[in-house]
Amino acid sequence: MDAILFLIFATIAVLCAINLVVQKHPISSALSLIGVMASLAVLYLLLGGEFLAAVQLIVYAGAIMVLFVFVIMLLNAGAERRSNRSLMATLFGVPLLAAFLALVAYVIQRGLPPTEGVYFGGFTQGTPRAIGRVLFTQYLLPFEVTSVLILIAIIGAVVLARKEI
Amino acid sequence: MHPVTTVHYLVVGLALLLIGTIGVLTRRNIVVILMSIELILNAVNVNLIAFSRHLQDLSGQIFAIFVITVAVAEAAVGLGILIALFRNKETVLADEVDLLKW
Chain F
1 MDAILFLIFA
11 TIAVLCAINL
21 VVQKHPISSA
31 LSLIGVMASL
41 AVLYLLLGGE
51 FLAAVQLIVY
61 AGAIMVLFVF
71 VIMLLNAGAE
81 RRSNRSLMAT
91 LFGVPLLAAF
101 LALVAYVIQR
111 GLPPTEGVYF
121 GGFTQGTPRA
131 IGRVLFTQYL
141 LPFEVTSVLI
151 LIAIIGAVVL
161 ARKEI
Chain D
166 MHPVTTVHYL
176 VVGLALLLIG
186 TIGVLTRRNI
196 VVILMSIELI
206 LNAVNVNLIA
216 FSRHLQDLSG
226 QIFAIFVITV
236 AVAEAAVGLG
246 ILIALFRNKE
256 TVLADEVDLL
266 KW
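Here the protein sequences line up with chains F and D, keeping their order.
Each residue of the first sequence is one higher than the last, beginning at 1 in our numbering.
Each residue of the second sequence is one higher than the last, beginning at 166 in our numbering.
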C-alpha cells in the first residue's frame, strides 16, 4: 500500500514538473506546479510530516499559486516563442540527464547505510503539537529572525509597488 | 514487494531539483523561472523531510518550515520586482531585459 501510494504520487510529481518546464503558456505551468505541490503533500504525509503536508497545501497550493496566477493574469503574458536550440543539446540532453540521475541515485544507494523501509505511521512526531513545542523552545531565535525577514519582504514589496520606480 | 526506502525519496527530490534547474536555465518567461525556483526549494524540502524520517529527528521538519517561509518571501519580492520591471520595460522575457549588459 505504501509503495503503491509512493509510486503513484512520485510519478505524478515528476510528470507535472516536466510539464511545468515543457509547457509554453505560463498558466499551464502554474497548474502543473499545483499538481507538484499537491502530490508532494501526499509524500510528506507518507514520511510522517502531517503538519507540513497541511502547510504545503495551504501555503503553497493555496497562497503562493494564487499570487502567481494573479501576476500572470495581470501581466497578460502570452505563449513564449522558442529560440532555436543547438542540435547537440536536443540530441544528447535527455539521455545524458537520465544517465546523470541514474549515476547519482546509484551513489546515494551505495553511500547510505541500509535501512528498513519507510512505512506510514513509522514516524509520529510530525504533529502540530510536537512541532510547536520544538519551534518555540529550541528554535526560538531562528523563528524570531524569520519574522524580521518577513518584515523586510513586506517593506520591499511595498517599495517596489510604488509608482516612481 | 520491494519496500520503499529513504533512497527513493531522495531520488524524487533529485529529479525535481534537476528539472527545476533546467527550467531556470532554458525558459525565458520570468514567471516560469520563479516557478522553477519554487520547484527547486520543494526538492530541498523533500530531502529535509526524508532525512528527518530517516534519523527519527524532528529538526528536519522545522528546517522545512523555514524553507517554506523563505520561499514565500522570495516569491512575493520576486513578483513585486517583476511588476515594477513590466511597468518600465513592457516585457516579462528575461532575454529582453539587458540594461546591465555591457
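These are computed hints drawn from the structure, not numbers from a lab.
All residues carry an ideal CB built from backbone N, CA and C; glycine is no exception.
Honestly, I wouldn't trust all of these hints.
Taking lysine-lysine and the DSS-like style, the derived pairs with C-alpha atoms no more than 25 Å apart in a straight line are [claimed, not checked]:
hint : chain 1 : residue 1 : chain 2 : residue 2
1    : F       : Lys24     : D       : Lys254
2    : D       : Lys254    : D       : Lys266
3    : D       : Lys254    : F       : Lys163
Stretches of chain D that chain F covers, calculated by requiring three or more beta carbons in the stretch to come under 8 Å of a beta carbon on chain F [to be verified]:
hint : region
4    : 172 to 184
5    : 192 to 202
6    : 206 to 218
7    : 240 to 251
**Asked** For which of the previously enumerated hints does the structure constitute a violation, in increasing order of number?
**Response** Going through the list in order, the structure violates no hint and respects every one.
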